[in-house]
Amino acid sequence: MASIKTTLSIIGTSASSTNPISITPTAATITVTDPDQTGTLDVSATGVSGDEQIIIDPTASSSTAMGATTAGSWVYLRNGATSGSSLLKVQAYLKAAEQAGGAAAMWVTICSLKPGEFMWYSPVNVTDGGTDIKRGCKVVNSTATATTCEFARFNR
Amino acid sequence: MANLNISFSAQETTLGPDSVQISELNKNFTVETPTVTGGATVAHTVTKTIFTGAAKDSYFWLKMTGDAADTGCVVDVAGQPAATLRSGDFCFFRVPAALAVTVENKDGSSSSTVEWAAWECETQVAR
Chain C
1 MASIKTTLSI
11 IGTSASSTNP
21 ISITPTAATI
31 TVTDPDQTGT
41 LDVSATGVSG
51 DEQIIIDPTA
61 SSSTAMGATT
71 AGSWVYLRNG
81 ATSGSSLLKV
91 QAYLKAAEQA
101 GGAAAMWVTI
111 CSLKPGEFMW
121 YSPVNVTDGG
131 TDIKRGCKVV
141 NSTATATTCE
151 FARFNR
Chain L
1001 MANLNISFSA
1011 QETTLGPDSV
1021 QISELNKNFT
1031 VETPTVTGGA
1041 TVAHTVTKTI
1051 FTGAAKDSYF
1061 WLKMTGDAAD
1071 TGCVVDVAGQ
1081 PAATLRSGDF
1091 CFFRVPAALA
1101 VTVENKDGSS
1111 SSTVEWAAWE
1121 CETQVAR
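Those sequence lines, one after another, are chains C and L.
The first sequence: position 7 = 7 (my numbering), numbered continuously.
Convert by adding 1000 to the 1-based position in the second sequence; the result is the number in my numbering.
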């Protein structure tokens, strides 16, 4: 078990004088359990083997390092490219009742990251989904430009 | 048009070689103005729309400022679960254009409060 102090500072510059908003800082200390995982994943161009990479595997057991857990996870994702046109789609694994895509659990895109963009969030955990599915997190390159995904994943 | 100067860090305090340190310092994201902000109280077992979406994508920050029972809330994008937050937690991600963000309070008896801000991105990308 370990603690992680997270901070986020967002400062608007050259912003509209009518509504400049800055958030400085948002801080939270979260408690996590081992194992944590970090790294950089190669994400090939679309249609090429390796064009998607799983961060949290919905088919793995909760005791598996990369599997979903009942308590949930914290995930940091970043499109490792600094320029160019690559686009990383971030997907969640949702059961049928939670998405309009089909009659079975499936991967659903929740947002996309351009080069240099990052996100920090706690994917919906197994408990929130009931007992019928595991939860997952996956990144998919939807462009013809290969990129990387820098990631960190912590168990709550 | 405006710039957002964003810094994010996650500093793990533990002994050993696997201590994680993440620093995103002084990243500049270009955004449109105006910024939209808000706060809401979400009653127990209620799903409440807090952000109705923008013409383009938005950088979205959300913090749960109060959750007496600490059961947690689920953050939905376009009605689809995207994240879970407990009291004191925050998240930051990009919301696709025209999609609403809602908060589901999963607790059976306690309300939760959230604060949020959204900055419309300069460009919109395929979802």
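Each hint should be verified, as a subset may be incorrect.
Below, a list of computed lysine to any residue pairs in the SDA-like style, where the Cα atoms sit at most 20 angstroms apart [what the hints assert, rightly or not]:
| # | chain 1 | residue 1 | chain 2 | residue 2 |
| --- | --- | --- | --- | --- |
| 1 | C | K114 | L | S1019 |
| 2 | L | K1027 | C | K138 |
| 3 | C | K138 | L | S1087 |
| 4 | C | K95 | L | N1026 |
| 5 | L | K1027 | C | G84 |
| 6 | L | K1106 | C | G84 |
| 7 | C | K5 | L | Q1080 |
| 8 | L | K1048 | L | T1071 |
| 9 | C | K5 | L | S1087 |
| 10 | C | K114 | L | T1041 |
| 11 | C | K5 | L | K1106 |
| 12 | C | K5 | L | H1044 |
| 13 | L | K1056 | L | Q1080 |
| 14 | C | K5 | L | S1019 |
| 15 | L | K1027 | C | A27 |
Read the hints as simulated data drawn from the structure, not as lab findings.
Note that the structure is predicted; figures quoted are calculated from it, not measured.
Hint check:
Our distance criterion of 20 angstroms between C-alpha atoms is broken by C:K114 and L:S1019, whose separation comes to about 28 angstroms. The suggested pairing of L:K1027 with C:K138 is violated, with an alpha-carbon distance near 24 angstroms, which exceeds 20 angstroms. Our distance criterion of 20 angstroms between C-alpha atoms is broken by C:K138 and L:S1087, whose separation comes to about 26 angstroms. Distance check on the hinted pair: C:K95 and L:N1026 sit about 38 angstroms apart at the alpha-carbon level, beyond 20 angstroms; violated.
For the hint pairing L:K1027 with C:G84, the CA-to-CA distance comes to about 16 angstroms; that is within 20 angstroms, so the pair holds. This hinted pair does not check out: L:K1106 and C:G84 have alpha carbons roughly 41 angstroms apart, beyond 20 angstroms. Taken as a hint, the C:K5 and L:Q1080 pair is broken in the structure, with Cα atoms around 28 angstroms apart against an allowance of 20 angstroms. A distance of roughly 16 angstroms separates the Cα atoms of L:K1048 and L:T1071; the hinted pair therefore holds under the 20 angstroms criterion.
With a C-alpha separation of about 15 angstroms, the suggested pairing of C:K5 with L:S1087 holds against the 20 angstroms cut-off. Between the alpha carbons of C:K114 and L:T1041 the distance comes to roughly 32 angstroms, so the proposed pair goes past 20 angstroms and is violated. For the proposed pair C:K5 and L:K1106, the alpha carbon gap of about 26 angstroms is over 20 angstroms, so the pair is violated. As the CA atoms of C:K5 and L:H1044 are separated by approximately 29 angstroms, the hinted pair breaks the 20 angstroms bound.
About 19 angstroms separates the Cα atoms of L:K1056 and L:Q1080, which keeps this hinted pair within 20 angstroms; it holds. For a cut-off of 20 angstroms, the pair hint linking C:K5 to L:S1019 stands: about 12 angstroms separates their Cα positions. Simply put, L:K1027 and C:A27 have alpha-carbon atoms about 18 angstroms apart, close enough for the 20 angstroms limit, and the pair holds.
Violated hints for the displayed structure, listed by number in ascending order: 1, 2, 3, 4, 6, 7, 10, 11 and 12.
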